[in-house]
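Asks: Go ahead and model the full structure; you've got the sequences and the hints to work with.
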Amino acid sequence: MTMNLLRLFRGRNASAPVARERLQILLAHERGLRGQPDLLATLREEILAVVSKHIQLDPEKVTVRLDRGPVVSTLEVDIEVPNGFEHEVRAGRRVGAA
Amino acid sequence: MAKVLVVTSGKGGVGKTTSTAALGAALAQSGESVVVIDFDVGLRNLDLVMGAERRVVFDLINVVQGVAKLQQALIRDKRLENLWLLPASQTRDKDALTDEGVGRIIAELRTKFDWILCDSPAGIERGAMLAMRYADEAVIVTNPEVSSVRDSDRIIGMLDSKTVKAEQGERVTKHVLITRYDPARAARGEMLSIDDILEILATPLLGIIPESQDVLRASNVGSPVTLNNAASAPARAYVDAARRLMGETIEMTVPAERRGLMNRLLGRRAA
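Order-wise, the sequence lines are chains B and A. In this text, residue positions in the first sequence follow this note's numbering: the first is 49, and each later residue adds one. In this text, residue positions in the second sequence follow this note's numbering: the first is 2, and each later residue adds one.
There could be a bad hint or two in this list.
Straight-line C-alpha distance at most 20 Å; calculated SDA-like pairs for lysine to any residue [what the hints assert, rightly or not]:
(1) A:K163 to B:R82
(2) A:K163 to B:R79
(3) A:K163 to B:E78
(4) A:K163 to B:L81
(5) A:K163 to B:G80
It is worth saying that the hints were derived from the structure and are not from the lab.
Replies: Written as structure tokens, this is what we have:
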């Protein structure tokens, strides 16, 4: 309500309140992380490392999406796995063993 | 007692060099002895803004490496006899700047000057770290714009953890200097307000420098804005900020451009 009234007085171009709100959320998050390793970045790297042990990862077929919210954050790792990869892996092993 | 003041921001292009030159000149005009040091190794510019670019013989790195004595590298300002410049090097080797070497130079400058102003490079790398390393006070130059405020917050965190003062359990005295402020746009809600910035950064305000053509005009001719046009709005704002640094209490205002009658009648904006 107050926000709407303010907007009425200030005109419709008042983007400063949006800037302020975005900064407050972002900085609350960044201050908490300061001096600590970035958990989500670590997760992303380790997940990809584990997957690439088993599949040859094509960097263009991997999509990592991150959304940092005020309460929870989500990390989406989307990896396109070619059909028949198991076969390739087994074939690879056989070569390695020989 | 000498004071070491770092002018820093994180973000580039917000007015660190302009502010270092303007505050240095304003302090010197009040009778203090002042040296301004350019820490931007490889991209020096304080010499140009101060109008001393053609008189640089030795630089900060020469002194750190013992090639030149401090007295040989210091350049005296042509307008103010108690204002000196220690230029940065144009060499690309940033590693030439060492913590120990900078500490030695600052210690020597402390015996000779009232104020040592360190103009930090942008970023949070070695040069910026060393510029703030020995600081007693810090001026965090901030534009009313989200990316600048975010970077200022980051720099404030570093001032509280990476400086010698912080490591000794003391605190660097911090001040926010808001530059390129447009009161009309802030009033229309198009620009972060002073209150917004101060609330977010939780750091006291040193001054508000209005957006003004006089700043560019001064750098064009190689003169700190406080000397080039002392009556201009940014010059008056910088002089007030310098007096606050010296401990005076001065009411916080945004100096306005003095517009001529013709300009008013024509409705020209004093941007």
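Asks: Could you work out which of the previously given hints the structure breaks and list their numbers from low to high?
Replies: No hint contradicted; all consistent.
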